[in-house]
Amino acid sequence: MKLKSLSFALAASLLFSVTVKAADVRYVGGDISLYPEYQKAGSQYKDENGNKIDLLPYLHELGMNAMRVRLFVDPEQFAADHPGDYDPNACQSLPYIIPLCQEIIENGFEVMLDFHYSDTWADPAAQWIPKAWEGQSDEQLIQTIYDYTKATLQTLAENGIVPSFIQPGNEISYGMLWGPYGQDIPGNHVYTNSSNASWERFGLLLNSAIEACREECPDAKIIIHTERVAQVNVLTNFYDKMKSLNVDYDIIGLSYYPYFHGNMSVLNSALATLEGRYPEKPIMIVETGFPYKWEVPGTTQKVDYEYSEAGQDAFAHELVDTLLAHQNVDGLFWWWLEYNAFGGGLSNWYNAPLFNSENGKATPALKTICSFGTGAGIENIFDDKEYKDAGWYDLNGNRFDSPLRPGVFIHNGKKTVITK
Numbered sequence: 003m004k005l006k007s008l009s010f011a012l013a014a015s016l017l018f019s020v021t022v023k024a025a026d027v028r029y030v031g032g033d034i035s036l037y038p039e040y041q042k043a044g045s046q047y048k049d050e051n052g053n054k055i056d057l058l059p060y061l062h063e064l065g066m067n068a069m070r071v072r073l074f075v076d077p078e079q080f081a082a083d084h085p086g087d088y089d090p091n092a093c094q095s096l097p098y099i100i101p102l103c104q105e106i107i108e109n110g111f112e113v114m115l116d117f118h119y120s121d122t123w124a125d126p127a128a129q130w131i132p133k134a135w136e137g138q139s140d141e142q143l144i145q146t147i148y149d150y151t152k153a154t155l156q157t158l159a160e161n162g163i164v165p166s167f168i169q170p171g172n173e174i175s176y177g178m179l180w181g182p183y184g185q186d187i188p189g190n191h192v193y194t195n196s197s198n199a200s201w202e203r204f205g206l207l208l209n210s211a212i213e214a215c216r217e218e219c220p221d222a223k224i225i226i227h228t229e230r231v232a233q234v235n236v237l238t239n240f241y242d243k244m245k246s247l248n249v250d251y252d253i254i255g256l257s258y259y260p261y262f263h264g265n266m267s268v269l270n271s272a273l274a275t276l277e278g279r280y281p282e283k284p285i286m287i288v289e290t291g292f293p294y295k296w297e298v299p300g301t302t303q304k305v306d307y308e309y310s311e312a313g314q315d316a317f318a319h320e321l322v323d324t325l326l327a328h329q330n331v332d333g334l335f336w337w338w339l340e341y342n343a344f345g346g347g348l349s350n351w352y353n354a355p356l357f358n359s360e361n362g363k364a365t366p367a368l369k370t371i372c373s374f375g376t377g378a379g380i381e382n383i384f385d386d387k388e389y390k391d392a393g394w395y396d397l398n399g400n401r402f403d404s405p406l407r408p409g410v411f412i413h414n415g416k417k418t419v420i421t422k
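Numbering follows the numbering used here, with no gaps: position 25 of the sequence shown is 27.
Just so you know, the hints here were simulated from the structure itself, not pulled from any lab data. Each statement offered as a hint is correct.
With a straight-line cut-off of 16 angstroms between C-alpha atoms, the simulated EDC-like cross-links for lysine to aspartate or glutamate are:
no., residue 1, residue 2
1, Lys152, Glu213
2, Lys223, Glu282
3, Lys152, Glu217
Could you put the whole structure together from the sequences, leaning on the hints where they help?
Set out below in structure tokens:
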């Protein structure tokens, strides 16, 4: 391993963390939208020592305090109309998520509701209008998205479910409700150089959905979710547009996957830019992950970590260290953390959960991710003589005789970056 000087931006953010009190509450958890399927299949979850566990109580015991659940408008309709394209992982209808959200709440977690305003996956490459909404004018869609959002939240409330966080749209960097399945309507996309009319349409749709959220869940925090961390100019243009369009939201939500977006310096740069430009907005990483065995299909970026449990844990450590260096970041959610084929006869193509699908055991990264919620950061680290000995301390205050992984450490009272 090599020692490396801190970059100016990271050093500044770390210094800021020393002098400013950390967030009162950090939220840590994951998207567990497919958990009912693993329960049905009899998948077994175990702790790191191989002891069988009940998943949600165990995660709560480790310090997780919030869970994310996705919702599609009518996935059954999509399955009927497009059997060759249907992904059974995109099965989360309103009746499906009600018992899941109830179980989440019963086990002491807060709920983050992720509206995919589509019958199937909504992301930067696909934002298809639900079948039942096809043929509507923009004016009608603005009313429909309001009515649907309001009715959904009312039904959830009737079942004892009031989300603490709501995403009106999933990875909406380029807009939403483009057209029927597979039919791009360019005027419905938003890009850096899109027409004002495209942005205005998008803003009206968003604000209509958010209006329903404010009415039904006045205490919920609204998250606007994007994933352009590798294109900071696109990212800032998007949130500048949110401001000019008077979009009423509370939190900037980001996806970050190193195998799609690049190494940790990419994320750090994006976070520093967002903090400087929108200091009033908390930031959450609402999706992240890294494989414990082999690369995720579609990987586009060379990664700095090996595909192993140790490599996944190294990524998790560096991620937590990086996030703790940014005072505006108060949320970290691992995507599909519950993926677990062990004992259930399910496929095991993903290999980026926090449980090993071959033996059901929690990977080391699970506890590392949980440390984000409880880590004290380094806000007072120089005031305590304990940190001025010959040991090495990570940004959670954990002591090591020597640094066993890359990351930011305190050694003899000074910040040091360890690289490969």
